[in-house]
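Chains as they are written, first to last, in the numbering used here: chain A, 1 to 107; chain B, 1001 to 1114.
Quick caveat, the hints were computed from the structure, so don't treat them as lab data.
Being a predicted model, the structure only gives us computed values, none of them experimental.
Here a beta-carbon is modelled for each residue, glycine too, at the ideal position from N, C-alpha and C.
Some hints here could point you the wrong way.
[Said to hold, decoys possible] Incomplete in silico selection of chain B near chain A, CB under 7 Å:
1. Pro1042
2. Pro1043
3. Leu1045
4. Ser1059
5. Phe1064
6. Ala1087
7. Leu1090
8. Thr1102
9. Gly1106
10. Glu1107
11. Gly1108
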Amino acid sequence: LAKTTQPISMDSYEGQEVNITCSHNNIATNDYITWYQQFPSQGPRFIIQGYKTKVTNEVASLFIPADRKSSTLSLPRVSLSDTAVYYCFPRGQNFVFGPGTRLSVLP
Amino acid sequence: DTEVTQTPKHLVMGMTNKKSLKCEQHMGHRAMYWYKQKAKKPPELMFVYSYEKLSINESVPSRFSPECPNSSLLNLHLHALQPEDSALYLCASSLGQTSGNTIYFGEGSWLTVV
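Here chain A stands alone, though its shape is the one from the complex:
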């Protein structure tokens, strides 16, 4: 069974760029990687999804190296409202989330 790891917590200041890296060593050939944001008492909110190289949307970028054993979520210029838990989700047949990274954005 694939094991996914990510940092338990990170601190940042407003206006900084935040990069959260997830390790998914046993990712399968067909698996996509999805990242979610979750606020307390709410369901996970889709941020971005990719298969390889780089994907960018209006809120984040996702970098996936050629071996696909890791992925990095990049949040540009974070604000206080970005304080949340961020989950890496290598979308395979077992539908298992990573442990989550608790991001705290400080003023």
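Chain A is already provided as a structure; the job is to place chain B on it using the hints.
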């Protein structure tokens, strides 16, 4: 529109009660999911339905009984629950079950078993 609607938002039930959680989506998605989330933990998969048929059951106790009446609705029937079953129950859906189809989550139903 990527909305998955769950009702009720909060439910308190006794250990002898029978209750149901409901989930609805109108995105034409054919895969629907139930996840359970305990405090400060990631969501854990319970069930997957694909084209209204149960596709995955993650060894969930029989006191949880899923039902998919049609392609837009997903229910979770609860009976004889234990206090440790208190958690946030999340419904989700995707266009299909295979990877590459983004899974969208509802806001969850908070369940307290007393």
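- prompt: Against chain A, with CB atoms and a cut of 7 Å, does the hint on Ser1059 of chain B hold up?
  reply: 12 Å, violated
- Residue hint Ala1087 of chain B, partner chain A, criterion CB-CB below 7 Å: Violated, because the Cβ-Cβ distance from Ala1087 of chain B to chain A comes to roughly 12 Å (cut-off 7 Å).
Item to check | Evaluation of the interface hint that places Leu1045 of chain B against chain A, nearest CB under 7 Å | outcome: 5 Å, holds
* **Restraint satisfaction for Pro1042 of chain B [CB to CB of chain A, less than 7 Å]** => 4 Å, holds
Once the shortest beta carbon distance from Gly1108 of chain B to chain A is found, is it less than 7 Å? 5 Å, holds
(message) So, as I understand it, the hint says Glu1107 of chain B touches chain A; can you test that by seeing if any CB pair is closer than 7 Å?
(response) With a closest approach of 5 Å, the Glu1107 of chain B hint holds.
Worksheet item: Regarding the hint that Leu1090 of chain B lies at the interface with chain A, is the smallest CB-CB distance below 7 Å?
Response: This interface hint holds because 5 Å falls under the 7 Å limit.
| message | Quick check on the hint: Phe1064 of chain B CB to chain A CB, less than 7 Å? | response | The hint is violated - Phe1064 of chain B has no Cβ within 7 Å of chain A, the shortest such distance being about 17 Å.
Item to check | Pro1043 of chain B as chain A interface residue, shortest Cβ-Cβ below 7 Å | outcome: Holds - the Cβ of Pro1043 of chain B comes within 7 Å of chain A, reaching about 6 Å at its closest.
Proposed interface contact between Thr1102 of chain B and chain A, which counts if any beta carbon pair is under 7 Å: 6 Å, holds
Hint check: is the beta carbon of Gly1106 of chain B less than 7 Å from a beta carbon of chain A? 5 Å, holds
Going down the numbered hints, you'll see the structure goes against 4, 5, 6, while the others check out.
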